[in-house]
Amino acid sequence: MKQFLVVWCLGAIACLAHGGEAQPMAQDPQVEARLVVIAEELRCLVCQNESLASSHAELAEDLRREVRKLIRDNKTDAEIKTYLVDRYGDFVLYKPPLKPLTWPLWFGPFLLLGLAVYGLWRYLRLRKQGTSPRLDAQERAQAEQLLKD
Amino acid sequence: MIPELGQFALVLSAVIALLLGTVPLMGTLRHQVVWQSLARPAALLQFVLVAFAFACLASSFLSNDFSVKYVAEHSNTLLPKPYQFAAVWGGHEGSLLLWMLMLSGWTAAVAIFSASLPLAMVARVLSVLGLVSVGFLMFILTTSNPFDRLFPMPADGRDLNPLLQDPGLVIHPPMLYMGYVGMSVAFAFAIAALLSGRLDAAWARWSRPWTVIAWAFLTFGIGLGSWWAYYELGWGGWWFWDPVENASLMPWLVGTALIHSLMVTEKRGSFKAWTVLLAIAAFSLSLLGTFLVRSGVLTSVHAFAADPSRGIFILVFLAVVVGASLTLFAWRAPAVTLGGSMGLVSRESFLLLNSVLLVVATGAVLLGTLYPLIIDALNLGKLSVGPPYFNLVFAPLMVPLLFVLVPGTVAHWREARMSEVFWRLRFVGAGAVLLALVLPFALGSWSAGTMLGIFLGMWVALGSLQHVVERLRKPGRIGGSFWGMHMAHFGMSVLVLGITGVKSYEVERDVRMALGDTVTIAPYTFRLAGVEDVMGPNYKALQAKVEVLKNDQVIEVLRPQKRRYFSTAMPMTEAAIDSGLLRDLYVSLGDPVAGDTPSWSMRVYYKPFVPWLWAGVLIMVFGGVLAALDRRYRRNTNQQSVRTAGEALSGAA
Amino acid sequence: MKKFLLPLVLFAALVVFLGVGLMRDPHEIPSPLVGKPAPDFSLPTLSGDKPFSPADMLGQVWVFNVWATWCVACREEHPLLVQFSKNHKVPIVGLSYKEIQAGDQATGALSEEAKLLLARQRSQKFLQKAGDPYKLSVLDLDGRVGIDYGVYGVPETYIIDKQGIIRYKRVGPVTPEVLIDTILPLIQQLDTPV
Chain A
1 MKQFLVVWCL
11 GAIACLAHGG
21 EAQPMAQDPQ
31 VEARLVVIAE
41 ELRCLVCQNE
51 SLASSHAELA
61 EDLRREVRKL
71 IRDNKTDAEI
81 KTYLVDRYGD
91 FVLYKPPLKP
101 LTWPLWFGPF
111 LLLGLAVYGL
121 WRYLRLRKQG
131 TSPRLDAQER
141 AQAEQLLKD
Chain B
1 MIPELGQFAL
11 VLSAVIALLL
21 GTVPLMGTLR
31 HQVVWQSLAR
41 PAALLQFVLV
51 AFAFACLASS
61 FLSNDFSVKY
71 VAEHSNTLLP
81 KPYQFAAVWG
91 GHEGSLLLWM
101 LMLSGWTAAV
111 AIFSASLPLA
121 MVARVLSVLG
131 LVSVGFLMFI
141 LTTSNPFDRL
151 FPMPADGRDL
161 NPLLQDPGLV
171 IHPPMLYMGY
181 VGMSVAFAFA
191 IAALLSGRLD
201 AAWARWSRPW
211 TVIAWAFLTF
221 GIGLGSWWAY
231 YELGWGGWWF
241 WDPVENASLM
251 PWLVGTALIH
261 SLMVTEKRGS
271 FKAWTVLLAI
281 AAFSLSLLGT
291 FLVRSGVLTS
301 VHAFAADPSR
311 GIFILVFLAV
321 VVGASLTLFA
331 WRAPAVTLGG
341 SMGLVSRESF
351 LLLNSVLLVV
361 ATGAVLLGTL
371 YPLIIDALNL
381 GKLSVGPPYF
391 NLVFAPLMVP
401 LLFVLVPGTV
411 AHWREARMSE
421 VFWRLRFVGA
431 GAVLLALVLP
441 FALGSWSAGT
451 MLGIFLGMWV
461 ALGSLQHVVE
471 RLRKPGRIGG
481 SFWGMHMAHF
491 GMSVLVLGIT
501 GVKSYEVERD
511 VRMALGDTVT
521 IAPYTFRLAG
531 VEDVMGPNYK
541 ALQAKVEVLK
551 NDQVIEVLRP
561 QKRRYFSTAM
571 PMTEAAIDSG
581 LLRDLYVSLG
591 DPVAGDTPSW
601 SMRVYYKPFV
611 PWLWAGVLIM
621 VFGGVLAALD
631 RRYRRNTNQQ
641 SVRTAGEALS
651 GAA
Chain C
1 MKKFLLPLVL
11 FAALVVFLGV
21 GLMRDPHEIP
31 SPLVGKPAPD
41 FSLPTLSGDK
51 PFSPADMLGQ
61 VWVFNVWATW
71 CVACREEHPL
81 LVQFSKNHKV
91 PIVGLSYKEI
101 QAGDQATGAL
111 SEEAKLLLAR
121 QRSQKFLQKA
131 GDPYKLSVLD
141 LDGRVGIDYG
151 VYGVPETYII
161 DKQGIIRYKR
171 VGPVTPEVLI
181 DTILPLIQQL
191 DTPV
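Residue numbers (my numbering), protein chains in the order written: chain A, 1 to 149; chain B, 1 to 653; chain C, 1 to 194.
In short, the hints are calculated from the structure, not lab data.
Please read these numbers as outputs of a predicted model, since none were measured by experiment.
Every residue, glycine too, gets a C-beta built ideally from N, C-alpha and C.
Where hints are given, some of them may not hold.
[Stated by the list, open to error] To give an idea of the chain C side of the interface with chain B (calculated C-beta under 8 Å), a few residues:
#	residue
1	Phe4
2	Leu5
3	Pro7
4	Leu8
5	Val15
6	Gly19
7	Arg24
8	Pro44
Isolated chain A (complex conformation) (with noise of 0.2 Å):
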């Protein structure tokens, strides 16, 4: 009887000691990666240098809260982010649409790449004739002559 008590108590210690493996704090993980991966291209509209995913503040995570919902009724990418952008705006869009109003900024950087290239193009075939004379053989020589007096 003894022994079994022991061997009993022992187990149960052994029990209580191990730790189990960690559960993710979210509930479901697959839609938390996809409300990852929304989330980091929005703006937190309380503390507005985070995104939706990082920032702490309260209604973010209400937000998040009601992303992860929108997600769970198989909203798409787009709808989703039409629902916030109805109620906040295109602020909290941080990869801004594209819309003739932002056409300057998706389009411009490659545009002033095209035109810079070509403006370089131009340039080099311009300096290509040079603007100091190659010397011949005999001129090289005169040249050194005169250098070294």
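Since the structure of chain A is already known, use the hints to place chains B and C on it.
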């Protein structure tokens, strides 16, 4: 008494700066050598006065003089001494004084280390710096005086923002400002050259070491800021494309273009107007950055408390300085001679491509940063431009830049052949491609972006390596310039590989842990061994003890904290990091979780190759320093001294 | 010569934009809901009798004010609202927004009914002491109605017209200037029979 002395010193230095900004410059116009020779002593005196003022402010902090408003707002009796000192630049007014200290320091340095330059040139350069100083000193004295008094004097200060109570604050702003302000030297040289009408290879040679040193400081400062954000903010991010971060990146990009452009002007006398424009742009971007951070036009986590009157002053100052410079440029630049010819494929053309790509990248960052403001100013609404935009636009611009870097160092001056260049690089190319194909499989997963990043990083690294090996085989002394260049390029490749690695392979686990629970990110296991309360000098914290196991052996114990500072009751997360050569293990303690057993939310990160980011930056900085200290800049030949004396006698400019 | 002037011209344009930008507030977000129908909801009121929804207010111009007892800025505007309610017929409906805060450890374990009761108690106590400008106040405990209205900071105030369309949104406390310059004229304009 001491604050008043400090203020008086600032007023005096403003007067000296005004003299420095006008008399020597007029001396060059009127060929008065005596007026010109006033420049050096004035520069040194200005530095002494500003340094004294700075010392007065520091002394007020260290002696807990809360009758000074700025001290009361940013310090506290319980604040540890090193932070009491660093708190001098913890707020707007003091950070401006730090800026001014740096500016007067650089001015004095130019005064001291310019013995081989003609006096008239020195006079112009120091005058320009003096004029800029006048602007800053007037700004400080009229809108941002750190010595304002506070009556009645509070018993204790408000304390330094807990986010700033960190070694990062002690070093990041000074290094960053050294870089920002250092760009003013290249700027002053450019303006001086435009004023004198003499833009030649000699001017480029003088400007270059100053620019490289400033660039090295700026690189270091930006890297420090990134590292600090990484370990301080608690979620392992290191770059957010925040407006203030962008404000520091833009001068860096243009500064890099400037260094490479100066190289061409020095060697072949070409690109003079372009180089001058870059020099003006680099410092203008520094000033623009100052404006963006302090005026309140943009939302940023870094922004100082905004005040419209300050914004207006800086904007006017910016408009005057840059406007005058660009006007001078438009007037004088057309007369500048063209310099040597160059082929369509040549080292010059590669370097010009470098300039173009960097300037376009700067333009993209500027556009993204300012676009919300422009749209708002036009009453077209409010939108945000964040990391998704910058990542999508910036990365594609960096790809060609990194690619042409290697042929650029190999191509001959004046005339080169593409086929020959790439034949020379055949092993480098093959090696890079091979590694790009093989390594992702060794590291776990494959993606096009990962391959591209590895290819570019290896392309640059192997290219530098090959070049060094080839050069070592040849006889002759190798100068600091050569080592510096390859070191800097190599540092860049390490940075690129680090970014590719961490973005491709990092793992984050957001879990709840009770005592004894574990979370595994192969091959590491993290176990929560304990949670206890600890006391700090001015805070109370909840500290977790997390054991890190590999192969069932405890290799490290991490202690993340959640702190509550007495002064602000603002909770702060202090992440715990185990840094290795190839990876960081990063643990962040969250809030307690409601439930039967006490548990806490924890974030555990496995960040491979993140240490390479900081290593890459350090290598680049080291490369810059090596390049700047090349002996040929410090050569002081007899011929030059004779010429200086001759010029002094005749008073010619 | 002309191409060398380009940097100066571009810079001048930049300065103009920055100058205008100085006069703007980058934090303020204009509401996309202005001009759209007020989002529908049905929430319990402070007094406890039947729930309220915006449709109940059709046919009159009304003010919708978002507040909470923990909100410091709300206290700034509260006396002004009280006075306004005494001097004008326009009804003010209050939205008690997240009265029980999520981060509050003490109340975290309470049931939903208990939270509602506590919120009612707190709000009523506050209104008794500070004055009650509201025709009625609804309780938005979890903030979902707030999200529908694009609330991101408290206090916020909306003006809704007779057809139930949101005509104006004010973020931050109502100041005397805003009241006199914007809110009152708009209400008058909306109130005049068509």
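Practice item. Find the hints from earlier in the document that the structure breaks and name them by number, from lowest to highest. Key: 8
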